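Colleague: Sequence:
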Amino acid sequence: MSSSYILASLTSLIVVIFYLIHYVLETKVNIYTCNVLRRIATICTNFVYVIPLFISIERFFNILFQKSFNAILLTIIVIIIEIPNISKQLSSIVSSHVTRASDSICGVTIVVNNEFINTMNNVSYSITIAAPIIGCILNFIIYIISVKKLSKGGSNKTIVKQEKALFISVLIQSSFPIIFFGTSSTIPFIIEKLKTSKEIGWRIVDFIIYFGYAACILVSSFFVKALRNMVYNDFRILKKDPSIIRPLKSNW
344 MSSSYILASL TSLIVVIFYL IHYVLETKVN IYTCNVLRRI ATICTNFVYV
394 IPLFISIERF FNILFQKSFN AILLTIIVII IEIPNISKQL SSIVSSHVTR
444 ASDSICGVTI VVNNEFINTM NNVSYSITIA APIIGCILNF IIYIISVKKL
494 SKGGSNKTIV KQEKALFISV LIQSSFPIIF FGTSSTIPFI IEKLKTSKEI
544 GWRIVDFIIY FGYAACILVS SFFVKALRNM VYNDFRILKK DPSIIRPLKS
594 NW
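For the sequence shown, our numbering puts the final residue at 595, and the numbers step up evenly by one.
Bear in mind the hints are in silico, worked out from the structure with no lab data behind them. Incorrect hints may appear among the rest.
Said to hold, decoys possible - With a Cα cut of at most 30 Å, we get these calculated BS3-like pairs of lysine-lysine:
#1 507 with 491
#2 371 with 507
#3 507 with 495
#4 495 with 371
#5 410 with 504
#6 504 with 491
Here the structure is a predicted model, which is why all the values come from computation and not from measurement.
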């Protein structure tokens, strides 16, 4: 999950660096290259919204059936679900029937406007909203099942607390993207209603989204004792403990 946040942030950072280099050198931005980089960043960013769902699916199989979900099958499902997002981004790069619109980063953005792309846009936005919500519901079910199994097995309170911490951590990573996505989506409309610069609105959107990514990783990590102690050790707040409890492993 953290890897998806890092990848999304890095690809978006590349776009910013690309823009800043041309701004500092006072050279023209290559429109096609800029648009390709932005599309790649958008594809990577969209994975942030769906990965928590698949983490929850894998944990569900681990807890309920005591076996891991087939990693290859899960990867194929991820790719299939991401087809609407990928296709709408790639279409603007490879399609010959495009229109151009003004853009604050690339100067001009390439837009494809047809029935297929509009449908893919709607499907992509629906998945972006639905995936974190379904992930949260699955994660709650997993937590209830885990606590019941641990209680019946006579497990001590420490293990139950660990499961609760893991539940909160995954819940944060599932819900934060949709919270910040929803918040950032309203900013342009608010800016427009206030009759101020739209460019400022989009910069606020970027700040909210990537601040949300960083906050999500930081906050969710602190609910897992092993990760929290690791941070404390790095900042010399806590003496190193050789017996660190490893959180539940996941192929994601």
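Colleague: Compare the structure with each hint and give your call.
Modeller: Going through the hints against the structure:
A C-alpha spacing of about 12 Å is found between residue 507 and residue 491, which places the hinted pair at or below 30 Å, so the restraint holds. Taking the CA atoms of residue 371 and residue 507, the gap is near 53 Å; set against the 30 Å cutoff, the hint is violated. Taken as a hint, the residue 507 and residue 495 pair is honoured in the structure, with Cα atoms around 16 Å apart against an allowance of 30 Å. A C-alpha spacing of about 67 Å is found between residue 495 and residue 371, which places the hinted pair above 30 Å, so the restraint is violated.
For the proposed pair residue 410 and residue 504, the alpha carbon gap of about 23 Å is at most 30 Å, so the pair holds. For the proposed pair residue 504 and residue 491, the alpha carbon gap of about 13 Å is at most 30 Å, so the pair holds.
Violated hints, listed in ascending order, are 2 and 4; each of the other numbered hints is respected by the structure.
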